Amino acid sequence: MAPTDPSPKFAEYAHPERLVSTDWLAEHLGDPDVVVVESDEDVLLYDTGHIPGAVKIDWHTELNHPVTRDYVDPEQFALLCGERGIARESTVVFYGDRNNWWATYALWVFRLFGHEDVRILDGGRAKWQAEGRELTTEQPKPNPVEYPIVERDDIAIRAFKEDVLSHLGGQLVDVRSPGEYSGELLHMPDYPQEGAVRGGHVPGASSVPWARAANEDGTFKSRAELSAIYEDEQGLSKDEPTIAYCRIGERSSHTWFVLSYLLGFEGVRNYDGSWTEWGNSVRVPIVQGADKGSVKGSS
Amino acid sequence: MTLPAPLEELVEDFEAVGTKDKLQLLLELSQELPALPARYADAADSMEQVHECQSPLFLAVEVDDDAERHVHLFFSAPPEAPTTRGFASIMHTGLDGEPAATVLGVPDDFYTALGLTQAVSPLRIRGMAAMLARIKRQVREQVGDGQGGEP
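If you read the protein sequences in the order shown, they are chains C and L.
So in our numbering, spot 118 of the first sequence is number 636, and the numbers just go up one at a time.
So in our numbering, spot 13 of the second sequence is number 714, and the numbers just go up one at a time.
Bear in mind the hints are in silico, worked out from the structure with no lab data behind them.
Predicted model only: the values in this text are computed from it and were never measured.
Just to be clear, a hint being listed does not mean it is correct.
Said to hold, decoys possible - Result set (DSS-like, lysine-lysine): computed pairs, CA atoms no more than 25 Å apart in a straight line:
| id | chain 1 | residue 1 | chain 2 | residue 2 |
| --- | --- | --- | --- | --- |
| 1 | C | LYS574 | L | LYS723 |
| 2 | C | LYS810 | C | LYS756 |
| 3 | C | LYS659 | L | LYS723 |
Stated by the list, open to error - Beta-carbon label-pair distances, calculated as ranges:
| id | chain 1 | residue 1 | chain 2 | residue 2 | range |
| --- | --- | --- | --- | --- | --- |
| 4 | C | HIS578 | L | GLN732 | 19 to 25 Å |
| 5 | C | ALA544 | L | ASP809 | 43 to 49 Å |
| 6 | L | PRO707 | C | HIS578 | 26 to 32 Å |
| 7 | L | PRO707 | C | ARG801 | 48 to 54 Å |
Glycine included, C-beta positions come from ideal geometry on N, C-alpha and C.
For reference, chain C alone in the conformation it holds in the complex (with noise of 0.2 Å):
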């Protein structure tokens, strides 16, 4: 296992483990138990320059079910690791763009298979690239290894909307935009709509837009700053259960990310059908407009 990178501003995060500066990261890069992981928004990307020596995953072609609205079945990530030099020990940093949307959401995947040792590049692609730290085209050749067969857990950090409905009245994190959050818009602002027929959120979940979590330059905010959202200004306890969903699970995913490991929160969950199962579901209870709005007899 990697050493943990000792910059002072990790060290106040619950995790610090579980986060990498770029000077880390330019140190380490070729050390034979990393291996650095590029997952973007856009499917090309990686291929324009990468971090050297990165592989790429792709969310929507490697780490989604093909058919099912699911993630890969443990053959498929087996398969997906070995090809790409990932031992079950290995170290993984995963980077990627968009604030490293994307970059979680594949940790988050990783963590649900039970990887151990996976970390963020604070600041992603684009603070690498803003540094001027060397991107290449050369693909990388990764020996192939032996990555074992796991059985994935979707109880411990994923929530499906049967364990959103149990939930209710519990702590709940919209991360989407305001907009998303009030039911006037059903996508994000410039994306695609992606087939919610119903606008709104999830009756006393708390509204903090994932952004609110990073710093201008992609970096995540600091332990303080970070605990003034959330603690603080919203109320959320860290030891009270915590489910966080955006519209497919990806934004949320970041949103977890620093709840569980820069917040150090107890069981947070992640429910990646999010607002396109929510807001297509018959019946659920959905709330409009900017006020949490409350669950019907739980309060």
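Chain C is fixed; fit chain L onto it per the hints.
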């Protein structure tokens, strides 16, 4: 399917190769997307945004006053959105300079023939359909043939 020759040729290029090479082809196309002429580069707000694309894409359509009403296309998308640039480049390579009637005759689902859905994912490919729809709408408006507007 009635496609203009350059678009037909692109479709054949895509059909001929496997998934990995399709992405390579799309990447090359993204690099060939022409830069905007100054009249648009300095006036991005005169262009139409294609909201259905995952990354910001702006397009402008000009139709000549000649007999065939030749169509000219202009696109703007940032370098960090190569897939969107690739889609725009397919439109540019396949349709720029074609008569209005030819552009309007391109089937709305022509992109399925590119076989990119699997390589790129259905969600991402949606932007391409939207681009064509918006191009056609602008062409109809400018040709003003009395059948303009939405069908």
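Now the hints, each set against the structure:
| no. | hint | verdict |
| --- | --- | --- |
| 1 | C/LYS574 - L/LYS723 | 17 Å, holds |
| 2 | C/LYS810 - C/LYS756 | 20 Å, holds |
| 3 | C/LYS659 - L/LYS723 | 20 Å, holds |
| 4 | C/HIS578 - L/GLN732: 19 to 25 Å | 22 Å, holds |
| 5 | C/ALA544 - L/ASP809: 43 to 49 Å | 48 Å, holds |
| 6 | L/PRO707 - C/HIS578: 26 to 32 Å | 29 Å, holds |
| 7 | L/PRO707 - C/ARG801: 48 to 54 Å | 52 Å, holds |
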